[in-house]
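Build the full structure now, drawing on both the sequences and the hints.
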Amino acid sequence: MTNDLSRRGFLARAGAGVSAAWLSAHWPAVLAASGHARKAAQSAAPAKLEFFSVDQAKEIDAIIARIIPTDDMPGAREAGAVYFIDRALTTFASDDQNAYREGLLQLQARIQAVFPGVQKFSAATPEQQDEILRSFDQNTQAGRRRAFSAGAGQNFFETLRVHTIIAFLIDPDSDSGGNRDGVGWKVIGRDRAHMFQPPFGYYDKDYPGWKPAAHDAEKAKT
Amino acid sequence: MRPEQPKYKTTEEVDFVIIGSGAAGGILAKELSTNGFRVVVLEQGPYLTEADFTHDEVKVLNQDLLTNHPKLQPTSFRKTPDEKAKPQRALVYGRLVGGTSVHFTANFWRFHEIDFVERSKVGPIPGAGFADWPITYADLEPYYTKVEWEIGVSGLAGASPFDPPRSKPYPMPPLPVKASGVLFERAAQKLGWHPFPAPMAILSQPYLGRSACINCGFCLAFGCEVGAKSSSLASAVRMAERTGRCEIRPNSYVHRIEMDGSGRATGAVYFDEKRNVQLQRAKAVVVCANGAETPRLLLLSANKQFPNGLANSSGIVGKHLMLNSGTTSMGVFEHALNDYKSVAVSRVFHDFYELDAQKVGFYGGGGLDARFDLTPVGFATGGLPPGTPGWGKGFKDTLRHNFTRTMQIFCHGTSLPVENNSFSLDPDLKDAWGLPALRMTYKDHPDDIKLGNWMNARASELLDAAGAQKKWSFPAQEQQFAVHLLGTCRMGNDPKTSVINRDHRTHDVKNLFLCDGSSLVTSGRGQPTMTIEALAFRAADRITDLAKRAEI
Chain A
19 MTNDLSRRGF LARAGAGVSA AWLSAHWPAV LAASGHARKA AQSAAPAKLE
69 FFSVDQAKEI DAIIARIIPT DDMPGAREAG AVYFIDRALT TFASDDQNAY
119 REGLLQLQAR IQAVFPGVQK FSAATPEQQD EILRSFDQNT QAGRRRAFSA
169 GAGQNFFETL RVHTIIAFLI DPDSDSGGNR DGVGWKVIGR DRAHMFQPPF
219 GYYDKDYPGW KPAAHDAEKA KT
Chain B
1263 MRPEQPKYKT TEEVDFVIIG SGAAGGILAK ELSTNGFRVV VLEQGPYLTE
1313 ADFTHDEVKV LNQDLLTNHP KLQPTSFRKT PDEKAKPQRA LVYGRLVGGT
1363 SVHFTANFWR FHEIDFVERS KVGPIPGAGF ADWPITYADL EPYYTKVEWE
1413 IGVSGLAGAS PFDPPRSKPY PMPPLPVKAS GVLFERAAQK LGWHPFPAPM
1463 AILSQPYLGR SACINCGFCL AFGCEVGAKS SSLASAVRMA ERTGRCEIRP
1513 NSYVHRIEMD GSGRATGAVY FDEKRNVQLQ RAKAVVVCAN GAETPRLLLL
1563 SANKQFPNGL ANSSGIVGKH LMLNSGTTSM GVFEHALNDY KSVAVSRVFH
1613 DFYELDAQKV GFYGGGGLDA RFDLTPVGFA TGGLPPGTPG WGKGFKDTLR
1663 HNFTRTMQIF CHGTSLPVEN NSFSLDPDLK DAWGLPALRM TYKDHPDDIK
1713 LGNWMNARAS ELLDAAGAQK KWSFPAQEQQ FAVHLLGTCR MGNDPKTSVI
1763 NRDHRTHDVK NLFLCDGSSL VTSGRGQPTM TIEALAFRAA DRITDLAKRA
1813 EI
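Residue numbers (our numbering), protein chains in the order written: chain A, 19 to 240; chain B, 1263 to 1814.
The hints are all genuine.
Calculated lysine-lysine pairs in the DSS-like style (CA-CA distance at most 30 Å, straight line):
| id | chain 1 | residue 1 | chain 2 | residue 2 |
| --- | --- | --- | --- | --- |
| 1 | B | Lys1333 | B | Lys1705 |
| 2 | A | Lys223 | B | Lys1733 |
| 3 | B | Lys1733 | A | Lys229 |
| 4 | B | Lys1732 | A | Lys229 |
| 5 | A | Lys229 | B | Lys1430 |
| 6 | A | Lys204 | B | Lys1732 |
| 7 | B | Lys1346 | B | Lys1566 |
| 8 | B | Lys1655 | A | Lys76 |
| 9 | A | Lys204 | B | Lys1733 |
Here are some chain A residues the structure puts well away from chain B; computed CB gaps all over 12 Å:
| id | residue |
| --- | --- |
| 10 | Ala131 |
| 11 | Gln137 |
| 12 | Ala141 |
Just so you know, the hints here were simulated from the structure itself, not pulled from any lab data.
Remember, it's a predicted structure, so these values are computed and weren't measured experimentally.
Virtual Cβ for every residue (Gly too), placed ideally from N, Cα, C.
See the structure below:
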């Protein structure tokens, strides 16, 4: 049974059983997407854009390819991030539409100002692209961080950055439409199975079973 | 298959209406219906089942599939009572049948003897409303055992030299050790400490008709898809339903306890799914709505006879909120741990359960555990070492290298009860039903911060001893977000300094009982749910006894 309340998508940081520190460390307050995305992402037919124009999608695709680049392993592009974000913006992350619209305009303006002659972000070299993105992103480190600092551009970049990460790493078997073919999990080494048996890793392979430490065993004798 | 439930009419006076179906409410429903009473459980959230649960991080974490909703239920926060609170998300709890027990990590430590008598032992602490419990560990021991055997807890009795006495071993062995647990255990033993297999409310073997854990790795914040996590949803609620005397009524948001002119509760007033107002009549009311919503409901139920809120003659309803202190250290190792598999925690130690304040210079104590509780997205946004770029090649390379090689050490500790720390009604902010929103006021006692940092330093030593190639820590910060909701309607013998008596009956209203995290007098060492459930079993015995003697 699902209930109407469970379907309402809103801003959140959530979690349980631990402290505020855990939450603030791990869930930047961003809107994100789910739900209807499944069909397009999982069907063989090419996904259709619902929010972005073809030109906008091309720019977004160029940015997400710098956020999680493709190397010898897949990047955000192969995970279908642009489609995940496109669908997110027409459904549950619709509050972010303006951030994207305005952010894209600012991005174009800045690239034209900084690199005269370059008309579009997607036409710039990777080095130029990174320089522009760095100018939008004053404090991005992967550790503890605050989402949504001042400035629409920074808001846009941080939102897009987190959306890209979600698109890359969300459970590929969920109906979110992200992490196409599980490529993100392949990159980080996360097995896609839903069920595991021990040993799980290197250090528990030869574990003999719990016993008290030698110093405790001696104490117990006395 | 869910058995057919009775459908009580709202006009029919049932024996008990229970508000909330979480850790405490589920058990009270099971016990009271098993004892022959007609019970209606009003749960504000939906009735989801295992088939509705998913590993979809967006749905579960960003869209609050299982939790209270920041737009429907906004909250506000301030540090001290002289500030005006600002709207901000201040707490999270499970908002569904089974409550927070559905999505918790399932660490299941008993409290120790000291937790009940610490005020007497330690003496007063400046800035804290520190008190003893009116019951002792010995009073609660049979009920801890009941939780372990009736709800399902895995563990190894006798493995920790610091454990309090127990009347029975665990019903099943501990869950398999993880790589983080092996590293933690070896290093802790090297340092002279006493690590042991973590007691968890997750089944290591099939039990009571439920499946064993399949080690899928999505525990914290997620509902268990195979019912191996011993939530109220998977255990107590189902048992209550099988009695044929208990109706679980989801989507029922209670906002007032109805009173008659003689000062007795006559039922619970709630919004149903269509936001129509209903009144369920009952001979007695048991509130198990959690440490935030229980005091809020009492305050919302103020009337002429009880102008400061129901059961609030002491003036301390909502006060002495405790969240538990918590700090984390993280380490990266040479080889793969693959700690994303299985339950979050497999090893714990309690050597610092009771620190000597004379030696360390502050009051407190706690336990450390080895864990990995990060989802893939959570890891990428919060699990990489400080200084790692947030995007680009450096980000991807670190993510790729570290995900399988990282573990966390979590330090869980005491919170002192500070009277100003509280849940109250925000004078301006309203929820989606037009009711005053929860306002949280919280400023950690300085000793709680010192404790968190002290334990984090031990965690750091442990990571060195374990051979971590890289390590870092998150120092204790003043908390502004509540997960553990404790102490806000505390138990005591004196009606001037407590809200409920040792039978969980409110001092002021004879047929009104409260049982959940709000009942706790002290915070324990960071794992309150086991104690909340033991209290619920005990409360059910006490309430049954009173009902049979016609003393309600």
